[in-house]
Amino acid sequence: MTGDFCADTAVRPEGPNRWTADIPDDWRVIYAFGGVSMAVAVRAIAAAVDRHDLTLRSAHAVFCAPVPCTGVEIDTEVLRDGRTAAQGRSVLRVAGVEGTAIAATATFGTAEETPLAYQDVAIAPEAGRPDDHEPPPPRPEDAPFPATPFHEQTEWRPVIGTRWWDGPEAWSPGPAHTAEWTRLRVPACRPDGTYDPIALCVPGDALGSAIGEFLGPRDDHFFTVTLELGIDVFAPQRTPWLFRHVRAPIAGDGYGWGTVELFGEDGTLLAVTHQLARLRRFTPGDGFFG
Numbered sequence: 300m301t302g303d304f305c306a307d308t309a310v311r312p313e314g315p316n317r318w319t320a321d322i323p324d325d326w327r328v329i330y331a332f333g334g335v336s337m338a339v340a341v342r343a344i345a346a347a348v349d350r351h352d353l354t355l356r357s358a359h360a361v362f363c364a365p366v367p368c369t370g371v372e373i374d375t376e377v378l379r380d381g382r383t384a385a386q387g388r389s390v391l392r393v394a395g396v397e398g399t400a401i402a403a404t405a406t407f408g409t410a411e412e413t414p415l416a417y418q419d420v421a422i423a424p425e426a427g428r429p430d431d432h433e434p435p436p437p438r439p440e441d442a443p444f445p446a447t448p449f450h451e452q453t454e455w456r457p458v459i460g461t462r463w464w465d466g467p468e469a470w471s472p473g474p475a476h477t478a479e480w481t482r483l484r485v486p487a488c489r490p491d492g493t494y495d496p497i498a499l500c501v502p503g504d505a506l507g508s509a510i511g512e513f514l515g516p517r518d519d520h521f522f523t524v525t526l527e528l529g530i531d532v533f534a535p536q537r538t539p540w541l542f543r544h545v546r547a548p549i550a551g552d553g554y555g556w557g558t559v560e561l562f563g564e565d566g567t568l569l570a571v572t573h574q575l576a577r578l579r580r581f582t583p584g585d586g587f588f589g
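Going by this note's numbering, the first residue of the sequence shown is number 300, and it counts up by one from there.
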C-alpha cells in the first residue's frame with residue numbers, strides 16, 4: 300500500500316502542549332522508519348510554534364526507544380517565538396507505554412534577501428538526471444532483508460556504489476560513500492502545492508548504504524539502529540526527485556557515523572543530515588526481523 304507522508308505524519312491537538320498521531324504500517328521497516336518517526340516529533344513542534352511565516356531550518360532527534368507503527372503522543376514546548384526565528388522541543392512517547400521514545404528540537408526562521416549567500420558544494424558530476432540511471436530489478440526471494448512496507452513508499456535510481464543486482468563479484472574496496480536519485484511515490488506536497496521540508500527527514504536517514512559499500516559482501520549482515528539524527532535545511536524542494544549523497548567516514552565499536560547531502564534536480568543543496576547509529580549484526584533467519 301502506498302502511504303501519503305503529509306497525511307500520515309499529521310498531528311492532532313489533545314490539550315495544551317499535547318498532540319497525538321497515528322503512524323501507519325506503510326512506514327514500517329522493523330519499527331517505524333526513523334526518519335518518519337522523527338518527522339512526527341518535528342511536526343508537533345511546528346504545530347506548537349504555529350508560525351506560517353517561518354520555515355524549518357534545523358531539527359535534531361535523539362532516539363531513546365523503538366517507535367512501532369501505532370499511536371503516539373507528543374508533548375511540546377515553545378522555547379523561542381521571535382520576530383525572525385522560533386524554536387521548540389518535543390518528547391514523543393508510544394501511546395500506552397511509559398518513557399521517552401524520541402526527544403526532538405527544531406528551529407524555524409524567515410527567508411530574506413541578502414548578499415551574504417553562496418553554495419560552495421556541488422552535486423556529483425555522475426548525477427546526470429534520474430532517467431539516466433537504471434531502476435533496481437524486483438527484490439529477489441533470497442534477499443537477506445525481508446520485504447518491508449517502507450520500501451514500497453520510495454523509488455530510487457543508484458548512481459554511485461555497487462548495485463546489489465550485479466552480484467558480490469562486482470564489489471571492490473572503495474570509499475565509504477554512495478549516491479542515488481530518490482523520491483517518495485506520493486510527493487510530500489502541502490495544500491498550497493509546495494513541498495513539505497519536514498519530509499526531508501526521510502531520505503536523510505540513510506547511513507547504512509555507505510557503510511555497506513566500504514565493508515563489501517559479508518557472510519553476516521548488519522542493520523543500522525539510529526541513535527541520533529539531525530538535519531539542516533538550506534533551500535526549498537521544488538521537484539519530486541532528490542539526489543542523495545551518503546558518506547560514512549568512520550565506523551567502529553559497534554557504531555557508524557556519517558552525513559547525507561540532499562540536492563534538488565537543479566543541483567541546489569537542499570539539506571544536510573548527520574547521523575549516529577548502532578550497527579547491529581545479524582544472520583538471515585536468526586529472528587532479528589521477527
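The hints are simulated quantities; they were obtained by calculation from the structure and are not laboratory data. Just so it is clear, CB atoms sit at the ideal spot from N, CA and C, and this is done for glycine as well. Wrong hints could be hidden among the right ones.
[Unchecked claim] FRET-style restraints, in silico, Cβ to Cβ: (1) Ala469 - Gly551: 20 to 28 Å; (2) Ala469 - Leu378: 46 to 54 Å; (3) Ala394 - Pro414: 45 to 53 Å; (4) Leu526 - Pro437: 17 to 25 Å; (5) Arg382 - Phe581: 47 to 55 Å; (6) Gly551 - Phe581: 37 to 45 Å; (7) His573 - Arg462: 21 to 29 Å.
* Asked: Is it true that Gly551 and Phe581 lie within 37 to 45 Å of each other by Cβ?
  -> At 19 Å between Cβs, range violated.
* Lying within 46 to 54 Å: is that true of the beta-carbon distance Ala469 to Leu378? -> holds, 49 Å
* Determine whether the Cβ-Cβ distance between Leu526 and Pro437 falls within the hinted range of 17 to 25 Å. => violated, 33 Å
* Asked: Quick one: are His573 and Arg462 within 21 to 29 Å, going by C-beta?
  -> About 26 Å separates the Cβ atoms of His573 and Arg462, which means 21 to 29 Å holds.
* To do: Given the range 45 to 53 Å, decide if the beta-carbon distance of Ala394 to Pro414 lies inside it.
  => holds, 49 Å
* Is 47 to 55 Å right for how far apart the beta carbons of Arg382 and Phe581 are? -> Since Arg382 and Phe581 have Cβ atoms about 51 Å apart, the given range 47 to 55 Å holds.
* Within 20 to 28 Å or not, the Cβ separation of Ala469 and Gly551? -> For Gly551 against Ala469, whose Cβ atoms are near 26 Å apart, the range 20 to 28 Å holds.
Violated hints, in rising order: 4, 6; the structure is consistent with all others.
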